[in-house]
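Chain by chain, the residues:
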Amino acid sequence: MAENTVVKKKKKSGPWREVWRRLNQNKAAMLGLLVMVILILAAIFADYVAPYGYDDQDLMRRFQTPNSQHWFGTDNFGRDIFSRIVYGAQVSLKVGLIAVGIAMFIGGALGAVAGFYGGKIDNFIMRFIDVLLAIPSILLAISIVAALGPELRNVMIAVGIGSIPSYGRIVRASVLSLRDQEFIEAARAVGADDTRLILKHIIPNSMAPLIVQATIGVANAILSAAGLGFIGLGIQPPLAEWGAMLNSGRQYIRDYPHLTAFPGLAIMITIFALNLLGDGLRDALDPRLKN
Amino acid sequence: MEKKKLLEIKDLAIHYITVDGVVKAVQDMYLEINEGETLGLVGETGAGKTTTALGIMQLVPDPPGKIVSGEVIFEGSNLIGKSQGELRKIRGNEISMIFQDPMTSLNPVMTVGEQIAEVIRLHQNLSPQEALNKANEMLLKVGIPAGRAKEYPHQFSGGMRQRVVIAIALACNPKLLIADEPTTALDVTIQAQVLELMKKLKTELNTSMIMITHDLGIVAEVCDKVAIMYAGNVIEYTDKVQLFTSPKHPYTVGLFNSIPDIESDVERLKPIKGLMPDPTNLPSGCPFHPRCDKAMPSCSKRVPKNTEVAPGHFVKCLLYEEGVEK
Amino acid sequence: MYKYILRRLVMLIPVMIGVSFIVFTMMYFTPGDPARIMLGESAPEVEVQRLRDELGLNDNFFVQYGRYVKNAVVHQDLGRSYITNRPVFDEIAARFPNTLKLAALGVLVAVLIGVPVGIISATRQYSLFDNASMVFALVGVSMPNFWQGLLLILLFSIQWALLPSSGFDTWKHMILPAVTLGTSSAAIITRMTRSSMLEVIRQDYIRTARAKGQKESVVINRHALKNALIPVITVIGLQFGYLLGGAVLTESIFGITGVGRLMVDAIKSRDMLLVQGGVLFIAVVFSIVNLGVDILYAYLDPRIKSQYK
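Protein chains in written order, with the numbering used here: chain S, 3 to 293; chain C, 215 to 540; chain P, 679 to 987.
To be clear, the hints were calculated from the coordinates, so they are not data collected in a lab. Small disclaimer: the values here were computed from a predicted structure and weren't measured. We treat Cβ as the ideally placed atom computed from N, Cα and C, and that holds for glycine. Keep in mind that the hints are not guaranteed to be accurate.
Unchecked claim - In silico lysine-lysine, DSSO-like type, Cα no more than 27 angstroms apart, as pairs:
1) P:K904 - C:K364
2) P:K893 - C:K364
3) P:K893 - C:K303
4) C:K389 - P:K893
Claimed, not checked - Residues of chain S clear of chain P, computed beta-carbon distances all greater than 10 angstroms:
5) E20
6) N26
7) L35
8) M38
9) V51
10) D58
11) I100
12) I104
13) I108
14) A111
15) L212
16) Q238
17) I269
What the hints assert, rightly or not - Computed from the model, here is a short list of chain P residues facing chain C with C-beta under 8 angstroms:
18) R745
19) D882
20) Y883
21) R888
22) K890
23) H901
24) N905
25) A976
26) D979
Given only the sequences and the hints, what does the whole structure look like? Please build it.
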């Protein structure tokens, strides 16, 4: 009797560990993650990281190019650009996270209800999402900010509302595909009620696409907020915001390009890192999708 | 009468190089098929049957697959080493292949008639209209009304799509048809119809066929010769009657034993214990030895060679090999 | 096919009603009194009240909404600007061609770059071209288009004085704005085309085509492309809508008189009817474009067509 076990048992690892392992192998995604971690830390500890306040004006020291005292130079009011970039990171990340949070919460709830109950409710919710989608998201954000007034809180709401459709659709699609699977019937057979089903079974299974969308969503939110800031509809001065910095530096672009270069680069690097991370997460969460 | 040898596979080895290791999909393969014959290639999923078929057609996806060694001699010349241009003249024309899943084998945005006409125009010098006419003829031959040539694949049922696939494969009257589990994805009743169709066309056009299947019932109906595959190796090869009446390899015996007998009153089924081995980590020596109840100590040390236990009956098993300690 | 078109047209109506409702609601609750804006800060209160009555601003919400919709649909009357008193519809219609041109050029740039690059990247996966184009695509998506516009102006207008930095009259004027607007779309379309192609190439029917003895170039161009481009077309339609919105920023940078800039100025001067009209107008155009794309999609994909035979 041959007793050789043919299949070597691999060490059992949890699903999240597997995801982390795969993500680790993706150098680009890890770079994105690193950049984001640095940004987040800088934003949280802005008061310690930034050598100056975001509105410390010094009209004697305007338009300085990068030097040892002002790493990114100074702007038209003599404010330290590096500090303003750091505080800008705080603003941008806040907007990104909260806008996505709003969108995910409302969109996810709508999608879950629509997918789960189907029929007229589904129809109604989907029409509502179609209405949101009919307006290009920048215009929607602009309208909302115009109606509510340009300040940080309203930018978050405006950008958040514009993002509701994507999360709604993702959750609805997940729900639809899971609703008829047998483990749902099994759970029902042991007495689980609808809310429990949605919360404990369906949402955990939709996590993967949601996480990817959230990462990209933060990037889009930051971009939208910067766009709003650029046309002067976003966060009002003297708060430092990257888009607004681009706007105010615009007129000096010929002689003092560094006023716009740094905020522009800041936006670009942040979005780039988030995209790398998002792509990496997508590949790590479902390697079958990897090409 | 000695039938002419159509296809001869010698010492073929195909590997897939993946991130998880090297998959030895086909190893040390010897196979032959004569004109007008039907060879059954039997094995479980993962045994290497499809890879063998792709290997014959030189369609193994590269990367990650590679034909590592061996020859595939078709009508006297080796297909391995031929240029892409020469191979394209053979595909669809002299050797055709049909695949398992009719739902995905057809291009969804082309009409059925166009897809048949395409293979005709590739190999025969006909005008587009003539090709379409011939396509209609083929449709009739496989039992589909000719008016349906303008329809799209999604408008057909699974069984009818498979008939279209057969029509494409046989349109240029190839010498050899490789059918990779053509009926596995179909209902049992449709299965019977499609098999009947294949048998009829095979006789009419004198096509040789390699029928890949895991179903011994199909083998009994359609095949002349049978090769049993396990873990990339052909472990038994003989004609149908011999195989059914006196199987030699323990795996083959196990396969027959695991078929429930409708006539006898049995309490338990008799599966072959264990599982197919991990293809990146094959057992040493004979790949079947961990599951074999006739295994001997030398089975884990020596790779069995092809032994002819009776005229035309080959087995790869140390039980029948000479010079082995029993 | 006609049934499909009809159905989609009918479905458009509730969406348009929804959009008008949302837009109207937003503007209705905007702080600020239109009558006061029109008459100025120093006008006496009684005058302001009289104007409010005249304009129907004291009627209840639904009456005002109903009036607005009726005027819009029946008379193409979107009200009058609070500042200039010119009809909103005319103001928008006068500027719309520029915005449309800009968005269309942007899409053109995006498709002309995105589709070929995507196809080549897919057929030469993992090659240098593929990796380079994917990096460029990432950069394209990450760079905010308003910054890109500024950089392009810096380079081409200021440093090298090759292209004008504002206005929209000659084709030379159109290059920089179109490129600015189209870049991030090009990046998205590249990625979408590439992934669609990659997925299609893995399909069984591609293997069938090769097994027929078909040339690889024909397999790609006839069998793969036709299938791969179908989802890309939907993305292109969506991008057009996105560009209609993105034109807002680009118009500001390049000094183009378009609807986007009109709206930004209107918001700053609290000219709400103009903003309302603008958003509504663009939403309608966008919806029609999407309808067109859906019809094209159905035309190309026989599976959709036959659902509605």
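Hint by hint, here is what the structure shows:
Under the criterion of a C-alpha separation no larger than 27 angstroms, the hint pairing K904 (chain P) with K364 (chain C) is consistent with the structure, at around 18 angstroms. For the proposed pair K893 (chain P) and K364 (chain C), the alpha carbon gap of about 24 angstroms is at most 27 angstroms, so the pair holds. Taking the CA atoms of K893 (chain P) and K303 (chain C), the gap is near 10 angstroms; set against the 27 angstroms cutoff, the hint holds. For a cut-off of 27 angstroms, the pair hint linking K389 (chain C) to K893 (chain P) stands: about 21 angstroms separates their Cα positions.
Once the 10 angstroms rule is applied to beta carbons, E20 (chain S) is consistent with being away from chain P; the minimum gap is 23 angstroms. Against chain P, the non-interface label of N26 (chain S) holds: every CB pair exceeds 10 angstroms, the least being about 20 angstroms. L35 (chain S), annotated as away from the interface, keeps every beta carbon of chain P farther than 10 angstroms; the closest lies near 15 angstroms. Distance check for M38 (chain S) against chain P: the nearest CB is about 13 angstroms away, which clears 10 angstroms, and the non-interface claim stands.
Under the 10 angstroms C-beta cut-off, the non-interface status given to V51 (chain S) relative to chain P holds; the minimum distance is some 23 angstroms. For D58 (chain S), the requirement that its beta carbon stay farther than 10 angstroms from each beta carbon of chain P is met, with the minimum near 25 angstroms. Against chain P, the non-interface label of I100 (chain S) holds: every CB pair exceeds 10 angstroms, the least being about 20 angstroms. Chain P leaves I104 (chain S) outside its interface by the beta-carbon criterion, the shortest separation being 17 angstroms against a cut-off of 10 angstroms.
No Cβ of chain P comes within 10 angstroms of the Cβ of I108 (chain S); the nearest lies about 15 angstroms off, and the non-interface call holds. At roughly 19 angstroms, the least C-beta separation between A111 (chain S) and chain P is larger than 10 angstroms, which holds for a residue marked as non-interface. The beta carbon of L212 (chain S) sits about 20 angstroms from the closest Cβ of chain P, which is more than 10 angstroms, so the claim that it is off the interface holds. The beta carbon of Q238 (chain S) sits about 13 angstroms from the closest Cβ of chain P, which is more than 10 angstroms, so the claim that it is off the interface holds.
Under the 10 angstroms C-beta cut-off, the non-interface status given to I269 (chain S) relative to chain P is violated; the minimum distance is some 5 angstroms. Restraint check, R745 (chain P) versus chain C: the minimum CB separation of about 49 angstroms is more than 8 angstroms; hint violated. The beta carbon of D882 (chain P) is positioned within 8 angstroms of a beta carbon in chain C (closest approach about 4 angstroms), and the interface hint is therefore held. Annotation: interface hint on Y883 (chain P) holds; nearest CB of chain C at approximately 4 angstroms, less than 8 angstroms.
For R888 (chain P), the suggested interface contact is upheld, since its CB lies about 6 angstroms from the closest CB of chain C, less than 8 angstroms. Satisfaction of the interface hint for K890 (chain P) is found here, the shortest Cβ-Cβ separation to chain C being roughly 4 angstroms, below the 8 angstroms cut-off. Because the beta carbon of H901 (chain P) sits about 6 angstroms from the nearest beta carbon in chain C, less than 8 angstroms, this interface hint is met. The interface hint given for N905 (chain P) is met, as the beta carbon of that residue sits about 6 angstroms from the closest beta carbon of chain C, less than 8 angstroms.
Among the interface hints, the one on A976 (chain P) is violated; its C-beta lies about 12 angstroms from the nearest C-beta in chain C, farther than the 8 angstroms criterion. At its closest, the beta carbon of D979 (chain P) sits 7 angstroms from a beta carbon of chain C; the interface hint therefore holds under the 8 angstroms criterion.
Comparing the model with each numbered hint stated earlier shows that hints 17, 18 and 25 do not hold.
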